[in-house]
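As you go down the protein sequences, you meet chains A and B in turn. Just remember that our numbering sits 616 ahead of the position in the first sequence, which is counted from 1. Just remember that our numbering sits 616 ahead of the position in the second sequence, which is counted from 1.
No wet-lab data here; the hints were simulated from the structure. Incorrect hints may appear among the rest.
Identical copies look the same in the list; a pair holds intra-copy or inter-copy alike.
Unchecked claim - Result set (SDA-like, lysine to any residue): computed pairs, CA atoms no more than 25 Å apart in a straight line:
1) Lys788 / Trp717
2) Lys788 / Leu628
3) Lys716 / Asp745
4) Lys716 / Thr778
5) Lys868 / Asp812
There are 2 protein chains.
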Amino acid sequence: MLRDRMHEAAGLIGSHLDQVLGNLPDVPVVHAMAHATRGGKRLRGFLVIETARLHGIAPEAALWPATAIECLHAYSLVHDDLPCMDDDDLRRGEPTVHIKWDDATAVLTGDALQSLAFELVTADCVGPDDVRATLARTLAIASGAQGMVLGQALDIAAETATTPLTLEQITKLQQGKTGALIAWSAMAGPRMAGADTAPLAAYATALGLAFQIADDILDIEGDAATVGKATGKDTDAGKATFVSLLGLDGAKRRADELVQTACDALSIYGSDADTLRDTAKFVVARKS
Amino acid sequence: MLRDRMHEAAGLIGSHLDQVLGNLPDVPVVHAMAHATRGGKRLRGFLVIETARLHGIAPEAALWPATAIECLHAYSLVHDDLPCMDDDDLRRGEPTVHIKWDDATAVLTGDALQSLAFELVTADCVGPDDVRATLARTLAIASGAQGMVLGQALDIAAETATTPLTLEQITKLQQGKTGALIAWSAMAGPRMAGADTAPLAAYATALGLAFQIADDILDIEGDAATVGKATGKDTDAGKATFVSLLGLDGAKRRADELVQTACDALSIYGSDADTLRDTAKFVVARKS
């Protein structure tokens with residue numbers, strides 16, 4: 617069931633991206649935008665579509681914000697992979713944009729993907745004007761210097777810090793770096809429907825943290841071929857991770873607790889939210 | 617009169633930026649955002665405020681989109697100055713962000729400034745929901761792969777091209793690189809008022825082109841201390857510019873014609889638009 621739904625969402629998002637990017641000028645930056653948005657789990661876009669469905673909104677209507685958040689996420693990866701940032705050559709099993717093209721193209725590709733996210737989320741078919749304005753404004757806040765960029769800045773600062781991060785600090789870093797966009801995605805459904813966002817905000821906070829802990833566990837236990845990017849990097853770099861702070865068993869226990877918290881937060885929705893509960897379990901169990 | 621109005625607008629925008637950035641976390645990226653948005657002519661923000669005033673909207677209400685476009689413009693400069701792009705050490709007479717901090721901070725600073733622009737333009741006090749959504753969507757289109765980023769990509773491609781650009785190609789490049797944001801700024805006023813954007817679109821097209829021609833002339837005639845950035849760079853690099861294509865006198869003549877076109881486009885507004893006419897004259901006469 618979860619697998620089918622994720623597959624359906626990924627298919628819709630992929631086709632939509634082909635169509636949107638196909639309407640842009642035929643230049644290397646646009647080819648790189650297509651490369652950067654290809655593949656991946658589409659977890660964020662899936663959360664948009666699934667939380668919209670939970671509020672009676674059809675996947676086709678939720679597709680624009682779903683594609684938007686995938687563009688936003690892809691932009692962050694393209695910039696994060698740059699030599700002056702994480703310096704990664706491999707992403708989703710493919711050469712990163714600055715390897716396949718060059719650094720300048722990677723900077724511009726990320727920039728244009730961020731713009732495209734705001735273009736998509738404010739498209740007429742997304743819904744009434746207040747929904748479009750709210751989705752854009754909340755996406756901007758989640759992305760910027762009090763959200764994702766803050767998390768990335770804290771991450772970079774941690775690399776040159778003389779003492780490893782505490783659990784509190786690494787949690788704050790994660791809440792920005794991956795948590796903010798996951799939370800936006802999960803709250804998109806109630807926002808589109810004008811419903812209360814609190815239950816899905818609580819779900820997303822736990823989910824986002826569980827996601828990052830699972831990532832740190834994968835960095836230890838995964839192999840690069842399955843994960844699609846270099847593994848063991850954070851450990852080799854001596855960076856504090858949830859695993860280094862909690863131990864491998866402690867991290868796994870914490871991830872399981874968070875999955876439970878995420879599932880409990882959805883009680884108001886009853887069994888309608890079972891796909892989202894399965895999503896939380898999947899996020900911790902995934903191998904890539 | 618023009619000087620007073622520009623001074624007033626720059627003051628309002630500067631104070632607003634201080635307030636907005638003062639509410640963000642106290643981290644290097646936010647300090648760099650403040651550095652990157654300091655100074656400059658604030659031409660784009662001024663156009664927002666002045667075209668809003670022309671439609672009966674007070675400067676205080678137009679301040680949010682005015683500050684937004686200055687953030688967007690500042691982001692483009694921070695990324696454009698990066699070593700992998702134009703590699704400039706000096707901007708507005710100050711060290712560029714990657715010089716004062718580092719490349720990673722410059723990438724993140726630009727990214728966060730772009731997000732901030734969309735946050736500001738969708739703020740509640742900007743106006744009704746349809747205005748906020750429209751301003752965000754048109755700003756996204758002006759910024760992305762069919763607007764500013766396209767212009768920058770064409771600019772980079774021109775550097776390695778074997779033949780210099782034609783007048784048609786350089787005009788297209790300019791329309792993206794500087795024209796799209798200038799056009800958005802000039803159309804913000806009628807958009808906020810729900811009025812026809814056509815006269816100001818025509819004004820902005822001529823103004824944007826005149827602005828770029830004046831920039832190319834300054835690159836030849838200006839001195840670095842007054843201009844606030846390196847001069848003679850485009851000429852030394854053998855890049856096609858409006859001056860290399862039209863000659864110095866021809867470029868000056870073309871700029872003057874465009875100022876006339878810009879002024880004529882405002883006839884519907886009568887003498888109410890005199891400040892905008894003076895702005896067009898200023899853009900060509902400026903020394904920095």
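Do the hints match the structure? See the list:
1. Lys788 / Trp717: Between copies only: 23 Å across chains, 34 Å inside a chain, cut-off 25 Å.
2. Lys788 / Leu628: neither (33 Å within a copy, 34 Å between copies)
3. Lys716 / Asp745: neither (39 Å within a copy, 41 Å between copies)
4. Lys716 / Thr778: Between copies, since 22 Å is at most 25 Å while 35 Å is not.
5. Lys868 / Asp812: Close neither inside one copy (31 Å) nor across copies (59 Å); limit 25 Å.
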